[in-house]
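*Asks:* These protein sequence lines are chains A and D, in that order.
Following this note's numbering from start to finish, the first sequence increments by one per residue and tops out at 1438.
Following this note's numbering from start to finish, the second sequence increments by one per residue and tops out at 347.
Source of the hints: derived by calculation from the structure; they are not laboratory data.
No residue lacks a Cβ here, since even glycine has one placed at the ideal position from N, Cα and C.
Among the hints, a few may not be true.
Some chain A residues judged to face chain D by a derived CB distance under 7 angstroms, without partners named [to be verified]:
hint: 1; residue: R1065
hint: 2; residue: Q1068
hint: 3; residue: P1106
hint: 4; residue: T1243
hint: 5; residue: E1244
hint: 6; residue: F1276
hint: 7; residue: S1297
hint: 8; residue: M1301
hint: 9; residue: N1420
hint: 10; residue: V1424
To spell it out: a stretch of chain D is covered by chain A in this simulated footprint if at least three of its residues, at any positions, have a beta carbon under 8 angstroms from a beta carbon of chain A; those stretches are [what the hints assert, rightly or not]:
hint: 11; segment: 63-69
hint: 12; segment: 90-104
hint: 13; segment: 269-279
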Amino acid sequence: MNDFSTTGGSRRDFLRKASAVTGAAALGGFPAIVSAQAKPIRIGLVGIMSGRVAQALLSAQSAISMDIDAFNKAGGLNGRMIELVPHDSKGKPDDAARYTREMINSEGCEIILDFEGSSGSFAVHEVIRGSKALCVHCGSEAAQLTADPKLQIPNAFRTARQSIHDSIVGGKFAANIVKAKGLTRWATIASDYAYGREATPEFLYYVRAGGAKVDIVAESWPKLFQPDYTENIVKLQQAKPEAVFCGLWGGDLVAFMNQANLFNLFNGVTLFSIHMGDYTTMTSIKNMPKGGLYSSNRYVRNFPDTPANKAWSDEFQKKFKALPTNWSWEGSTGMRALIAAMRQTKSADPLKLAEAMRGMQIQSPVGVQANGTITMRAKDQTVVDYALGWGEVIPADPYMVNITAANWREVIALETEWKKRNGYI
Amino acid sequence: MDIEALGQCLSSASCLVTQGMTGMIAGLLLFLVASGLTLIFGVLGFVNFVHGSFYMIGAYFAYSAFQATDSYVAAVVAGTLGVGLLAVVFERFFATRVYDKDHMLQILLCYAFILIFDDLVEVIWGNDFISMGVPQQFVRDPYIILGGVIPPLYVYLIGISLLFALALSLLMWKTKLGKTIRAAAQNRDMVSALGINTTLLFTLVFALGAILAGASGALAAPVRSLTPGMGFDILIESFIVTVIGGMGSIVGGLVASLLIGMVRSFGGIGFPLFTEGLIFMMTATVLLLRPNGLFARRAD
């Protein structure tokens, strides 16, 4: 007697049922497989999206979206698309830290792009230290963030420029000008926070190192985002400087310039302003100082004077009806580094990406190496070989002329000497 | 701390002129905002936390009008009257519902509108800072008086601010409307019983207070970077003015505003990193010695 045939059917029935069950199991599992492949790569973005320096993250986000769109259109990473998760810290370090923690712990972000200024970036950095997430600092220019060995962590990188680089190049540039003009009386104004306090003495150190005599006749340290600079302007004016170093930026810089022009502060005074060389700032200043205005090239489309730079600037302008800024290229460099690392490792795992990014040559519109790349230096995980120079600011297109390009070998040598001087090596 | 620099300034005519003028302009612009706040609280008993937003919106309205007309006068008028109209709508539909309620409820309502106005400004004018620029008629060399430097725009701002202060004083002390407002501040029920339309009166007072804030924002716009949320700092200072000067006292508000302006101006020389601290120390001292303020009265 065939028990099988009386209780459950024939072998054919068994095989049919087994196939059905297997098929059902496969179908049940298939969505899980599909969803794993389609799971987006969530990248958290934290920075200042409102207020006087909103241009930083807003323009960076635009540039980043260009890179992301191209990546996603090409199929992403095995079908996984990049998804940005932005948060506005409004410039408050405690909020920046909180959002970073939330993005990592609750919002599924294993990669963070940080666009905080120096005050917020240190807060974000400490959150990253205690996590496995990969962070790229695209905004903070405080050199200490990556120079200080006590702050270096394997999962944090920087694609923002550094104040020490600008000071080295700017100081030498300024020294040549003030020596030629015979200017020795200096006044300084910079916001009273980490970046302002670091950049000011660095710049003057390199002016002196360039052979110029520097007598500091006045220093002024307004609060970050201070609305009225009248008392600072009057203090500087009372001291009768011949040259002024200005470390203000964004809306602070524009407000200061507009107010200072009312007092004719720059009548016969030469101004060196690190942050003037961005289009949003240069086009907002209606009256340029008569004594001469010089700045670092934050971002200008004619430096480097390459087809790649112009093409990128044109694409940005066509898409967003605005010109790129310094933060645009810094953000784009960060995103391009991540994308290149993903393609290289075929993974979005933060540890693997970090490994791939060390020493990477990153294709960038402001890369000055022969192949148009910027270098992510492995030792301190920060970028070098980006377009760095100082020039004269004028009130009409191209807004910046006579740009003296940096010699990167010299910059790195002086940077090393600065690190030794500060006990970082 | 640089006491020597402060001493040198106090013994220098040019420094006294420049710093004195600086303190005056800061104080007068603050006075315009604070007097509106004190008027609203003095008469209506309403803690108007939206006042800083009126300052912000006045600046933005002025910016847009200046872009359209290239006229600073049109910009100031637009900022002033535009905020007045907005204030009428806010008062009629929202503020009036919480006049007799707990102050915490008033603050909650105002805080909600601070966020709403900030977001609306972002939507209409964008997140980024915008700069109105100095009107062409003021782009000229500053005046030199006893060696002190005084920009023409600042002379204009001082003049206009003093005119506003004078007009407000005349309104409050020399007109029937002013008398009615002062009476309502003392006893609104009695004023209502006398057949005066207190609803209309309150709307008028609220609008007047807001107009002063809007005017301050419009006047200051050429020398500020306009950003969403820019009204918050001046709101805090306005409350400090009302604490020092006395809630409901316009004269107290003027004296307190000028005091704060001078502390900023001269304190910036002697105590550059502690100017805010000085202002709060002054506030604490007044609170300890005269808790109701230097010129405490309901309204004058």
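*Asks:* Checking each numbered hint in turn, tell me which of them this model violates, lowest number first.
*Replies:* Hints 3, 8, 9, 10 and 12 not satisfied by this model.
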